[in-house]
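Chains as they are written, first to last, in this note's numbering: chain A, 1 to 333; chain B, 1 to 333.
Don't read these hints as lab results, they were simulated from the structure.
For each label pair, taking beta carbons as the anchor points, the in silico distance ranges come out as: (1) 172/B to 108/A: 35 to 41 Å; (2) 140/A to 266/B: 55 to 61 Å; (3) 332/A to 2/B: 24 to 30 Å; (4) 308/A to 108/B: 46 to 52 Å; (5) 259/B to 308/A: 43 to 49 Å; (6) 266/B to 108/A: 54 to 60 Å; (7) 306/A to 172/B: 49 to 55 Å; (8) 9/B to 301/A: 37 to 43 Å; (9) 319/B to 72/A: 32 to 38 Å; (10) 76/A to 276/B: 52 to 58 Å; (11) 13/B to 319/A: 28 to 34 Å.
Backbone N, C-alpha and C fix where the C-beta goes; we use that ideal spot for every residue, glycine too.
What follows is each chain in one-letter form.
Protein chains: 2
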Amino acid sequence: MTLAQAVLAGERLALARLLTQVENDSDAGRAALNELYPHTGRAHLIGITGAPGTGKSSLVNQVALHFRKGTASRAPQRVAVIAVDPSSPFTGGAVLGDRVRMKDLAGDQGVFIRSMASRGSLGGLAQATAGMTQVFDAAGFDVILIETVGAGQSEVDIARLAHTTLVVEAPGLGDDIQAIKAGILEIADILVINKSDRPGVENTERALKTMLDLAHPTQKIFKHHGQYMSVSVDVDHDAALWIPPIQRTVATEGKGLPELLDALEKHRAHLKATGDWERRERARLEAELETLIQETLMARFRTTVSAAQLDEALDKLYRRKLSPHETVAQLLK
Amino acid sequence: MTLAQAVLAGERLALARLLTQVENDSDAGRAALNELYPHTGRAHLIGITGAPGTGKSSLVNQVALHFRKGTASRAPQRVAVIAVDPSSPFTGGAVLGDRVRMKDLAGDQGVFIRSMASRGSLGGLAQATAGMTQVFDAAGFDVILIETVGAGQSEVDIARLAHTTLVVEAPGLGDDIQAIKAGILEIADILVINKSDRPGVENTERALKTMLDLAHPTQKIFKHHGQYMSVSVDVDHDAALWIPPIQRTVATEGKGLPELLDALEKHRAHLKATGDWERRERARLEAELETLIQETLMARFRTTVSAAQLDEALDKLYRRKLSPHETVAQLLK
Chain A
1 MTLAQAVLAG ERLALARLLT QVENDSDAGR AALNELYPHT GRAHLIGITG APGTGKSSLV
61 NQVALHFRKG TASRAPQRVA VIAVDPSSPF TGGAVLGDRV RMKDLAGDQG VFIRSMASRG
121 SLGGLAQATA GMTQVFDAAG FDVILIETVG AGQSEVDIAR LAHTTLVVEA PGLGDDIQAI
181 KAGILEIADI LVINKSDRPG VENTERALKT MLDLAHPTQK IFKHHGQYMS VSVDVDHDAA
241 LWIPPIQRTV ATEGKGLPEL LDALEKHRAH LKATGDWERR ERARLEAELE TLIQETLMAR
301 FRTTVSAAQL DEALDKLYRR KLSPHETVAQ LLK
Chain B
1 MTLAQAVLAG ERLALARLLT QVENDSDAGR AALNELYPHT GRAHLIGITG APGTGKSSLV
61 NQVALHFRKG TASRAPQRVA VIAVDPSSPF TGGAVLGDRV RMKDLAGDQG VFIRSMASRG
121 SLGGLAQATA GMTQVFDAAG FDVILIETVG AGQSEVDIAR LAHTTLVVEA PGLGDDIQAI
181 KAGILEIADI LVINKSDRPG VENTERALKT MLDLAHPTQK IFKHHGQYMS VSVDVDHDAA
241 LWIPPIQRTV ATEGKGLPEL LDALEKHRAH LKATGDWERR ERARLEAELE TLIQETLMAR
301 FRTTVSAAQL DEALDKLYRR KLSPHETVAQ LLK
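Chain A extracted, bound-state conformation (with noise of 0.2 Å):
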């Protein structure tokens, strides 16, 4: 039986083998998601991404239990975690996350928690978390969730795998702190506030409406007969159209998780209705085709050219007697 055959047979430790080998990218890792691979396409990637102090870890512990839990409408989810943490790209800080976070879902079969410290570039981060999810997605994990940490480009990159990008931020982080989210909250499908029963708790969702009415107007201005007029636009009848709900939580109690579930059961289906889901795949895939042509190219370029060639390279720049664009023109020659 094969390291893939293994995991599609459901056996957790061919998994955990696997998912160790996917983030090492070797030749056993690639082989085994080339086997998998026919077998992806079926799971709900989410993706959580908010800056540290909004109690994000808990409320991806929390999502991933009512998932399991399952309600009268839904039946129960088997729940995969992918902890991306770019920010500690010195630290073994993936370690100390994954045992804390055991505490909650220790012992389920239904959930697999897997967190990944930053190792090396992005883009392998990222390459690295689109081979994990495919394992988790073929191997049967019917959620995979997807958490990044912060601000920031590599949020971006890594929220672009998800089918629902889910922003969580929390009362009194600052002001400065809700700006700089700008660009992300044009990433979210659904806003949570989380650790909802602290003060300013109003302040936030007023902030985060106006962000959104900006990002979605829901009232068009119009002029007529001189005069400034707005009209509502009937957001409930325009099925093509999502406004990103806001939905409070509190984590750590359990508090808005049902009605959080629900969004998320929403988005899905909204995506499955409008053709959105067919086509943020296809994007997916495109930015993840994208990455591995990049490390390809680079990896046979290393073939081509010796350690000596490139040290003599390096030190004809240093001393500034070629360009760095003459130095790449003579490596590549």
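Chain B: place on chain A using the hints.
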């Protein structure tokens, strides 16, 4: 006169034009970079990074002003500022930033400020920053301040451009925010607690000291006759060792700035004395070369494959006929 010659002659308009060419990675920009490259290698590159809310931009302005002023022991320096904002991939924040900054530094020919919003890939951003740095360096700017936002891999990558990296903190931003900085701390050459007139400054300094001690132990613990003993490492007498100093500032009032500039000068002298200046320069050029090779290989690849071929490949990928790795192998055949 070429654009590069005009820049070498000190023409500000030519400088502004060339920076745009470099940002757009145009052929003219590349040609000018080749021409200017032999004139580079003198400027002190200082990276300044910190989360929103730390008052980092005000601090950058003040550092620029103080370098301009000069003192009894230091001649006035020409200062360039490159403000990199990868966290706003969607907004035009860069333009507003420029205007706000102009208030303090307007009319001074010895200062040049340039903001850059994220365009496309992070690699592209790092590449553009490297190119701009070379332009300013060749144009005779003595100090180049590279300002980046927040924590994360992107900041680490851009910090690699600098000789000296300054990490800005502020009191009262929350423990979680401190925690996420653990990784960023390890790239810090100088730590600044800005807004140090705020309550909580002692806590922030204590937290930073604790983290510094973990990263750079000044006490060694050993076992002697069954008992644990500790001994201090004499930092002052080990010239090769640089322990990041913690500097308190209130940028809005100019407080602590002379001391911060002294620390910056001291770090520069340290780099020169230990050979670290050369080592960092080589590492930086190596990273730049890698990025350029990657971009060049991708550009070449795009000329070998038609849009129709790419679409067909993507379609097979989407329909799970070929895995990502198999698709890459086919496209690169």
